[in-house]
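Novice: Sequence:
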Amino acid sequence: MSCEQVTTTYINAYYEDMEKLGVRRATLEPRATEHIADIVRLVDTLLTKGMAYRVDGDVYFQVDRYPAYGRLSKRNLDDLQAGARVDVDERKRHPMDFALWKGSRPGEPSWDSPWGPGRPGWHIECSAMAMRHLGETFDIHGGGMDLIFPHHENEIAQSCGATDKEFARYWVHNGFVQINHEKMSKSLGNFFTIREIFQQSEWPDTVTGEMMRYFLLSTHYRGPLDFSDQSLKEAKSALNGFYDLFERLNESDPSHGAADQLLQEATVRTRTAFVAAMEDDLNTPNALAALQTLRGEANKALEAGLSGEMRRMVRQEFRALGVVLGLLQTDTWRFKGQVPQRASGDAESTAKTLSDEEIAVKLAARLAAKKSKNYTLADQLRAELASHGITIEDRPDGTSRWKR
RNA sequence: GGCGCCGUACCCAAGUGGCUAAGGGAGCAGUCUGCAAAACUGCGAUGCGGCGGUUCGAACCCGCCCGGCGCCUCCA
15 MSCEQVTTTY INAYYEDMEK LGVRRATLEP RATEHIADIV RLVDTLLTKG
65 MAYRVDGDVY FQVDRYPAYG RLSKRNLDDL QAGARVDVDE RKRHPMDFAL
115 WKGSRPGEPS WDSPWGPGRP GWHIECSAMA MRHLGETFDI HGGGMDLIFP
165 HHENEIAQSC GATDKEFARY WVHNGFVQIN HEKMSKSLGN FFTIREIFQQ
215 SEWPDTVTGE MMRYFLLSTH YRGPLDFSDQ SLKEAKSALN GFYDLFERLN
265 ESDPSHGAAD QLLQEATVRT RTAFVAAMED DLNTPNALAA LQTLRGEANK
315 ALEAGLSGEM RRMVRQEFRA LGVVLGLLQT DTWRFKGQVP QRASGDAEST
365 AKTLSDEEIA VKLAARLAAK KSKNYTLADQ LRAELASHGI TIEDRPDGTS
415 RWKR
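If you're matching positions, the first sequence starts at 15 in my numbering and goes up one per residue.
Keep in mind that a hint or two might mislead.
Taking lysine-lysine pairs in the PhoX-like style, the calculated list, with each CA pair at most 25 Å apart, reads [to be verified]: (1) Lys63 <-> Lys250; (2) Lys116 <-> Lys63; (3) Lys197 <-> Lys63; (4) Lys34 <-> Lys417; (5) Lys417 <-> Lys384.
For the record, the hints were derived by calculation from the structure and aren't laboratory data.
Input sequences plus hints: build the corresponding full structure.
Specialist: See below:
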């Protein structure tokens with residue numbers, strides 16, 4: 015299998031998973047291998063400026079030529095030296111000097127360069143590609159917090175060293191998803207993939223994806239978050255509240271807008287709070303709290319009376335704010351035709367999943383039973399549906415709706 | 001050994017010097033309902049890992065300590 019085939023396979027798998035999570039594609043996805051010329055040029059600049067030096071076929075960045083080294087990760091060179099656990103390459107002038115270009119050993123993939131055949135050091139491709147596509151200074155650089163040192167520290171050193179300009183204006187470092195408060199890792203055996211979450215979910219992909227998003231956004235990006243079935247279920251419950259509300263907003267009701275004015279004002283407050291939360295270092299938990307508060311207000315307003323126009327307006331507001339987070343975009347949480355035939359964990363509920371048609375039949379039978387006041391039969395039918403995870407909600411007008 | 005992140009109610013989780021410590025989930029009670037579900041109303045931390053200190057005032061600042069996690073290495 016070629017290198018190209020391997021990367022393509024995994025890149026495509028990544029796209030599939032991200033799509034299910036509702037992550038939009040980036041406008042540009044540059045590859046290091048397509049920027050070798052930019053990389054070579056950047057390394058050459060650093061050599062010319064005396065911030066790098068050659069050793070055999072390698073080129074190293076000389077950290078003590080960049081005085082601000084360690085500023086991002088709040089470390090200083092002395093601490094780092096003391097902590098070095100691994101044998102230092104004796105050819106380097108300073109233990110923390112890092113490779114900009116590595117001469118290749120026979121059989122390794124390599125590209126030509128003024129220093130002989132080799133490959134880019136880790137870090138340098140990020141600087142080269144950022145400069146190429148975003149300019150020498152750009153606004154936001156993201157990444158996991160494990161990359162703060164050495165990767166981002168080195169990116170800054172080599173970029174600023176070359177340009178004498180600021181590199182990224184803001185750094186956004188996210189905490190990790192953990193399992194039982196531990197980092198996910200293969201060696202700990204607590205490793206699983208997004209794909210597996212979708213496969214094991216008892217919900218359709220669209221619902222699972224939204225549950226995942228809600229869960230991920232319910233904690234601040236910088237903090238750690240612990241993944242568990244329970245946390246996903248809580249996200250589902252929280253989202254249910256919104257979609258139940260949307261159902262009610264959709265129902266036509268002759269009532270007039272006694273609460274229109276109040277809800278209108280609540281909507282304005284929500285927007286203000288939501289925007290303020292997002293502007294405060296992407297405080298998504300607070301943004302969600304604002305949406306939840308509006309949900310409560312809207313439910314209250316429904317009790318008091320909302321005009322059809324106001325109902326549409328509120329739904330639109332949820333949609334407009336939700337799109338920022340990639341939430342609340344579907345019309346309803348209907349589960350038509352896409353309920354997977356999967357066995358969930360407990361033997362009790364491994365019974366086959368009901369199709370929409372089967373549900374409709376049972377629902378009609380129950381309504382008929384209700385009409386003839388045969389509540390025993392009606393309850394029996396409901397219990398049957400409940401055993402398949404289906405909840406029925408009777409409406410005042412005598413009709414019913416169901417959900418999983 | 002160095003550096004960093006985290007420790008807030010039963011669970012999740014905002015808040016980082018001053019209004020009653022957001023919000024969600026779970027729970028309990030009530031209204032509504034044939035029964036449910038949903039919704040609504042009410043209940044829930046005199047206290048924010050512990051101990052000191054600064055301050056008129058601290059979850060929030062400072063110090064020490066305890067606990068969890070991560071980085072400090074080749075590779076990404």
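Novice: Compare the structure with each hint and give your call.
Specialist: Hints and how they fare:
For a cut-off of 25 Å, the pair hint linking Lys63 to Lys250 is broken: about 56 Å separates their Cα positions. Of the pairs offered as hints, the one joining Lys116 and Lys63 holds, with about 19 Å between alpha carbons and a cut-off of 25 Å not exceeded. Of the supplied pair hints, the one linking Lys197 and Lys63 is violated, its CA atoms being roughly 41 Å apart against a limit of 25 Å. Taking the CA atoms of Lys34 and Lys417, the gap is near 21 Å; set against the 25 Å cutoff, the hint holds.
As the CA atoms of Lys417 and Lys384 are separated by approximately 19 Å, the hinted pair is consistent with the 25 Å bound.
The structure does not agree with the numbered hints 1, 3 stated previously, though it agrees with the rest.
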